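Residue numbers (our numbering), protein chains in the order written: chain A, 74 to 388; chain B, 4 to 289.
Please note that a few of the clues may not be correct.
[Stated by the list, open to error] One-sided excerpt, in silico: chain A residues whose CB lies under 10 angstroms from chain B:
#1 P83
#2 L192
#3 K195
#4 T252
The set of hints was computed from the structure by calculation and includes no laboratory data.
On a predicted model such as this, the values are computed, not experimentally measured, just so you know.
Ideal placement from N, C-alpha and C gives every residue a C-beta, glycine not left out.
Here are the chains, one letter per residue:
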Amino acid sequence: MSGTLADMAPEQPRSAAAPAAREPGEVLLSLVRREFWEHRALWLAPLVVTALLALCAAIGRIHLDVDDATRVQGEAQRVAVFTIIQWVLAMPLYVAAMFVVSFYLLDCLYAERKDRSILFWKSLPVSDGLTVCSKMLVALVVVPLGVFALALLAHLLYTAILGTRVLIGTLPPVFSWNTYEWLRTELVMFLVTVLAVLWYAPLAGYLLVMSSWVRRSPMLLATLPLVLAPILEWVAFGTGHVMDFINYRLNGIWWLLGVHNTRIITKHGLASVGTALEALSFRAVLTSIDLWLGLVVTAALVCAAIRIRRYRDDS
Amino acid sequence: MTAVIEARGLTKSYGATRALDGLSFSVEPGRIVGLIGPNGAGKTTALKAILGLTTFTGELRVLGLDPCRERDALMRDVCFIADVAVLPRWLRVSQALDFVGGVHPRFDRTVAENFLRKTDIHMGSRVRELSKGMVTQLHLALVLAIDARLLVLDEPTLGLDLLYRRSFYDTLLNDYFDKQRTILLTTHQVEEVENLLTDVIFVNHGRVALSASVEDLGSRYQQLTLAAEQAARARALQPFYEREVFGRVAMFFEGRTPAELGTFGELRTPSIADLFVAKMQGTGSR
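Kindly generate the complete structure, drawing on both the sequences and the hints.
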């Protein structure tokens, strides 16, 4: 038994000493790329929606719901229609991204436990903190900014398609390009995107914690408390505070912004989307204590998700 | 040289079950150590503690670090294959190399590529398209390319056929192991790693039943095969285990000299597998 094969191993190390650590930024970049490899819906869904909208722009009709279509006369009205098209065609992209990101957050820390690949990820020198943060970064920064950029580029494509149709005469000339109003509409969308991300961050944190915590059916278990808690409160106390709270966290940002104050269709005709810059109260959202409390809660939820991933021992 | 792993009194309970019950052992650098024990002996829990994947009470230093508190620093010098088939099924081979290269400071991509070239694995394949043996080869390729000081393998060849198992261990020895590196592994297929190991640690009921270098086993343990009629006299020397095969009796002794035993029958050093069975089932086990 003496003299095993291992005794014949070389005395010297096979390779020279390597650097001690990678830069956190470099690691984070790899982690973010990884998310888009695994969750392909994150980039596929917005691209599919863009393609469908381009198709709509190519063959669809533009229907303007105003009392008197003849009012769409004059340059100002045509610019307003232009910005409305810009806004309307961007919305489906944002809605799709919201759904995809929600499903992504519910799945990102659950899937790795389900397929047991967590043991592989944990065999690499990447901290749980950085891993969990990379997922929040994808959900709250990379995808929203990516969707904003895609919507911007897609709008140029739609404009080219619609413009061509006007030129060949299959579409009435109801809109005209105006760079200033175009930029103003983009600014509205950018500001609203940023504020919406900040407002909905705690919801993202909640989904992330559920993803790291539940043993099965994250979708069901994440929605159950949101449905059961208001019902239980109503049955037990006959009050609706929980429901009001949930409603506020879901819709409060639009009340604070004062979306009801914006009028695209007025009795004087159509207003361009850029007028929302004056009508919407961005300051009311930014100075709302609820926005900042929500961000504190988000930080706590992210810490909870990190801790759960770090100390969970059921793989 | 300081020990790579120094464990003292490791204890861990899952509910009423004691997975680890005061486990103590140490692993020196440049060794290939087999952590061997029956199902539920606490091997995997011990490995998880070493890798900072679970909490425990007791003292544990791995490469001089506390695996629980200093896990992130520890993982730069430690590699592990937890089990076959833990590579995510959606991952492409090229993505696996990209990712590990992107996060691990000690990953040498060319080593992994050279190894993969010798296999049937294509860069564009997804893990879900590979056979179990190929997934293990891919994982091995990643591990070979990482310049780690400690490699931990938990049943790395479970469910693989003989050819894959043999080439797995051959590759480890030929392309990976050197005197600066340490390998700690658990396996049920003791026969296959028998001439690979430099040290064995038998674990049972969360405690160490035996810890020795393979060279020491030869001088500490003897297996005596003798005719059944001689058995009664030999029993006076207190074998810790005996079994009967084809009318002959095999007895296992600890700390007896060949001079004491040689007169009864045929004497030899027990294989690790035989010694394991003897230790687990014999009166000597706790």
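Which numbered hints are broken by the structure, listed smallest first? Those not satisfied come down to hint 4.
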